[in-house]
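In case you want the letters, here they are:
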Amino acid sequence: MSYLVPLPVILPLFGAGATLMLSRFPRAQRFVSFGVLVAVVVVAAALLFRADRYGPQVAWLGAWTPPLGISLVADRLSALMLLVSAVVTLVVLVYSIGQGMTGDEREAPVSIYHPTFLVLVAGVSNAFLAGDLFNLFVSFEMLLFASYVLLTLGGTETRIRAGTIYVVVNMLSSSLFLISIAAVYAATGSLNLAQLAQRIQDLPDSVSLTLQLLLLVTFAVKAAVFPLSLWLPDSYPTAPAPVTAVFAGLLTKVGVYAILRVQTLLFPDSPLTNLLMWAALVTMVIGILGAIAQSDIKRMLSFTLVSHIGYMIFGIGLATEAGVSGAVFYVAHHITIQTALFLVVGLIERRAGSTSLLRLGGLARLAPVLAILFFVPAMNLAGIPPMSGFLGKVGLLQAGLDVGTPLAVTLVIGGVATSLLTLYAVAKTWAIAFWRTPEQAHETAQALPSPGEEADALHPTVTMVRHRGHVHSGGTAYATADLEDARQVRDEDAPDRDLYQLLRDGELPERLPRSMVLPTAALIGFSLVFTLVAGPMFEYTDRAAVDLMQRTPYLEAVLGGGDR
Amino acid sequence: MSTNVSLIVTASALIACGVYLILERSLTRVLAGLLILGNGVSILFLIAGGGAGDAPIEGTTDAADMADPLPQALVLTAIVIALATTAFLLAMAYRSWQLNANDDVQDDVEDASIRRLAAADEASDSHDLATGGEDDDVLTEEGA
Numbered sequence: 024m025s026y027l028v029p030l031p032v033i034l035p036l037f038g039a040g041a042t043l044m045l046s047r048f049p050r051a052q053r054f055v056s057f058g059v060l061v062a063v064v065v066v067a068a069a070l071l072f073r074a075d076r077y078g079p080q081v082a083w084l085g086a087w088t089p090p091l092g093i094s095l096v097a098d099r100l101s102a103l104m105l106l107v108s109a110v111v112t113l114v115v116l117v118y119s120i121g122q123g124m125t126g127d128e129r130e131a132p133v134s135i136y137h138p139t140f141l142v143l144v145a146g147v148s149n150a151f152l153a154g155d156l157f158n159l160f161v162s163f164e165m166l167l168f169a170s171y172v173l174l175t176l177g178g179t180e181t182r183i184r185a186g187t188i189y190v191v192v193n194m195l196s197s198s199l200f201l202i203s204i205a206a207v208y209a210a211t212g213s214l215n216l217a218q219l220a221q222r223i224q225d226l227p228d229s230v231s232l233t234l235q236l237l238l239l240v241t242f243a244v245k246a247a248v249f250p251l252s253l254w255l256p257d258s259y260p261t262a263p264a265p266v267t268a269v270f271a272g273l274l275t276k277v278g279v280y281a282i283l284r285v286q287t288l289l290f291p292d293s294p295l296t297n298l299l300m301w302a303a304l305v306t307m308v309i310g311i312l313g314a315i316a317q318s319d320i321k322r323m324l325s326f327t328l329v330s331h332i333g334y335m336i337f338g339i340g341l342a343t344e345a346g347v348s349g350a351v352f353y354v355a356h357h358i359t360i361q362t363a364l365f366l367v368v369g370l371i372e373r374r375a376g377s378t379s380l381l382r383l384g385g386l387a388r389l390a391p392v393l394a395i396l397f398f399v400p401a402m403n404l405a406g407i408p409p410m411s412g413f414l415g416k417v418g419l420l421q422a423g424l425d426v427g428t429p430l431a432v433t434l435v436i437g438g439v440a441t442s443l444l445t446l447y448a449v450a451k452t453w454a455i456a457f458w459r460t461p462e463q464a465h466e467t468a469q470a471l472p473s474p475g476e477e478a479d480a481l482h483p484t485v486t487m488v489r490h491r492g493h494v495h496s497g498g499t500a501y502a503t504a505d506l507e508d509a510r511q512v513r514d515e516d517a518p519d520r521d522l523y524q525l526l527r528d529g530e531l532p533e534r535l536p537r538s539m540v541l542p543t544a545a546l547i548g549f550s551l552v553f554t555l556v557a558g559p560m561f562e563y564t565d566r567a568a569v570d571l572m573q574r575t576p577y578l579e580a581v582l583g584g585g586d587r
Numbered sequence: 462m463s464t465n466v467s468l469i470v471t472a473s474a475l476i477a478c479g480v481y482l483i484l485e486r487s488l489t490r491v492l493a494g495l496l497i498l499g500n501g502v503s504i505l506f507l508i509a510g511g512g513a514g515d516a517p518i519e520g521t522t523d524a525a526d527m528a529d530p531l532p533q534a535l536v537l538t539a540i541v542i543a544l545a546t547t548a549f550l551l552a553m554a555y556r557s558w559q560l561n562a563n564d565d566v567q568d569d570v571e572d573a574s575i576r577r578l579a580a581a582d583e584a585s586d587s588h589d590l591a592t593g594g595e596d597d598d599v600l601t602e603e604g605a
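Chains as they are written, first to last, in the numbering used here: chain Z, 24 to 587; chain G, 462 to 605.
Each hint should be verified, as a subset may be incorrect.
Restraint-style ranges between C-beta atoms, simulated for each label pair [said to hold, decoys possible]:
| hint | chain 1 | residue 1 | chain 2 | residue 2 | range |
| --- | --- | --- | --- | --- | --- |
| 1 | Z | VAL61 | G | GLN533 | 39 to 45 Å |
| 2 | G | SER467 | Z | GLY583 | 55 to 61 Å |
| 3 | G | ALA534 | Z | ILE407 | 24 to 30 Å |
| 4 | Z | PRO227 | G | ARG486 | 25 to 31 Å |
| 5 | G | LEU551 | Z | ILE436 | 19 to 25 Å |
| 6 | G | TRP558 | Z | GLY123 | 26 to 32 Å |
| 7 | Z | TYR77 | G | ASN563 | 54 to 60 Å |
| 8 | G | ALA545 | Z | GLU579 | 48 to 54 Å |
| 9 | G | ARG486 | Z | VAL61 | 42 to 48 Å |
| 10 | G | GLN533 | Z | PRO227 | 39 to 45 Å |
| 11 | Z | ILE395 | G | THR547 | 45 to 51 Å |
Derived, one-sided and incomplete: chain Z residues facing chain G with beta-carbon distance under 7 Å [what the hints assert, rightly or not]:
| hint | residue |
| --- | --- |
| 12 | TYR26 |
| 13 | PRO29 |
| 14 | ILE183 |
| 15 | THR187 |
| 16 | LYS451 |
No lab work stands behind these hints, which were simulated from the structure alone.
Glycine is no exception: its CB is placed at the ideal position from the N, C-alpha and C atoms.
Work the whole structure out from these sequences, hints included.
Right under this line is the structure:
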């Protein structure tokens, strides 16, 4: 049955070719990419079943005698990641079809969206299956190339600006990855992960430590671990909503997966776990502090994304079975939640024309379903019992307390604080965007100082002070860019009116298409399934963690009995 | 395994030059830097493959005399990927030039505001507030 293993990579690649040929027939394109992704979901489910029941599934490509060829391995961890990512990409595809991809940019070439998206899926699948380091590099490049194109779709000014930083950062980390691969090959003479697991043990400590650091830095850039995360909040929010959603859900998790795989398989008795734990703590706390400061929902969510990467790194850094199991559960949970949240933000942008908290207000009355759609995953992200976010966090914190070192306990405290601050950030967002009345939002916008004008002439009652690049008024500081945005609300001739003005003029914006709401609701439903099946799911991740920590199932499956 | 010192020197010189160029603002220079860096990394792979040897074709040479073909295959893949990235970055530099008449790597909006904060700090005590005006840097005590 090993022919199943390459299918999650091959099917999307064939689909990409087919959709490229069908670029003149948008309906056929949608049909093909939908069919391909459904097939990938089925294959991933089959792999999950087989990996759980019969052990890791291995495919040797190119008809070389093992261990010379290229191996693809689906163990419990890979199979779970594959299934979750396949479901998420399928939902995002349906959503983007509903949106009329890409509805927000006139000059965006629709015809290249489907092939690029399928290449992205192939790259992500290949990264989860890769059995050697160079194949992992190639899959990173596949998904990165697709992400470059998707991020700069349409070539508008903001996207080019954000894309430049993104491309350069990722090219640098790819170069670093190549340097690490060259170093690994020079030291061991192999790139197959299973062979490396045996040979790295024989290396001197200094050499293996160098290799480990090189690989960790490379993957930490992809996973957005602080301080290598600063590129992320600048890049992600500019892309179209479904693209941001799939980036936020999957691309950073590929980096986390690579860290998890390398840490458990290649460097089991790593001296760097303390470093990982410190990185996790700083990522969690600084990320969430950044999220609180944002006045744009997309940026706020990008910062929570960075912050919650810290939880997964925490679990990996603990290097116990419970910690790894918690990290695996949290990765699976977080992929769905973060994607769902960005999809909802896409809906908010479509309905209200903005994602800036200075302009939003009263959405709960206008779109009650949207309010629920945002509320449920937001509370799940914050970790309100009994949702899967709570269960995943409890699993991680419990694992931290079991270890019980001062650093682990510090991280547990940091994790709880981050969780509370996440609750504060999303609750604030929800209250402002949905709960305050449109009149309140309008009046707040009216009272805002203007960045370009003297305040006293317009609003003599409002004291306004400029300081350190921000405008202070009524005890709140505003960035000038946000004020420019909000000022349009006041201007009666402005093309964008806020909700109050629209209600007053009787010109409500268009209702949300059902083809966008239904996929979002389906994904949120899928994320709630994690809560329902949390017991069996934790049993599964426990088994996956045992596999990862023992290493023997993987090594035996790949090397066929452990001979070199 | 014997290593070729001149290759190591070449690779490190290329990587150093590449890093220096990447620190520039202009996207074209960043691109040139990435290309040079990429070439340096490719030479690293040659070093990783060990010394030179005969053509690795089974039947013509003894296995012990063969050169290691794997790093060269890896380098080939890396070069193809680098070529594609170069094309993409060139297109982005051109688009940036179309839009802005320059190809600078631009600051993020938030980064720019942070830089303004830093500039304001030099001029004044951080607790002072200033009156509204064109120039953020001029901060006065009585403004608040």
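How the hints compare with the structure:
1. In this structure the hint that VAL61 of chain Z and GLN533 of chain G lie 39 to 45 Å apart at CB holds, the actual value being about 40 Å.
2. Judged by the Cβ atoms, the range 55 to 61 Å given for SER467 of chain G and GLY583 of chain Z is violated: they are separated by roughly 42 Å.
3. In this structure the hint that ALA534 of chain G and ILE407 of chain Z lie 24 to 30 Å apart at CB is violated, the actual value being about 52 Å.
4. Hint check: PRO227 of chain Z to ARG486 of chain G, Cβ distance near 42 Å, so the stated range 25 to 31 Å is violated.
5. Between LEU551 of chain G and ILE436 of chain Z the C-beta distance comes to about 49 Å, which lies outside the given range of 19 to 25 Å.
6. For the pair TRP558 of chain G and GLY123 of chain Z, the beta carbons lie near 31 Å from each other, so the given range of 26 to 32 Å is met.
7. In this structure the supplied range 54 to 60 Å holds for TYR77 of chain Z paired with ASN563 of chain G, their Cβ-Cβ distance being about 59 Å.
8. For the pair ALA545 of chain G and GLU579 of chain Z, the supplied restraint of 48 to 54 Å is violated, since their beta-carbon distance comes to about 38 Å.
9. Between ARG486 of chain G and VAL61 of chain Z the C-beta distance comes to about 46 Å, which sits within the given range of 42 to 48 Å.
10. Under the hint 39 to 45 Å, the C-beta atoms of GLN533 of chain G and PRO227 of chain Z, about 27 Å apart, miss the expected range.
11. Hint check: ILE395 of chain Z to THR547 of chain G, Cβ distance near 48 Å, so the stated range 45 to 51 Å holds.
12. With 7 Å as the threshold, the beta carbon of TYR26 of chain Z stays out of range of chain G, its nearest partner Cβ sitting at about 25 Å, so the hint is violated.
13. About 18 Å separates the beta-carbon of PRO29 of chain Z from the nearest beta-carbon of chain G, more than 7 Å, and the hint is not met.
14. Hint status for ILE183 of chain Z: holds, given a least beta-carbon distance of 5 Å to chain G, under 7 Å.
15. Evaluation of the THR187 of chain Z hint against chain G yields a held restraint, the C-beta minimum of about 5 Å falling below 7 Å.
16. Below 7 Å, beta-carbon pairs count as interface contacts, and LYS451 of chain Z has none with chain G, the closest being about 19 Å; its hint is therefore violated.
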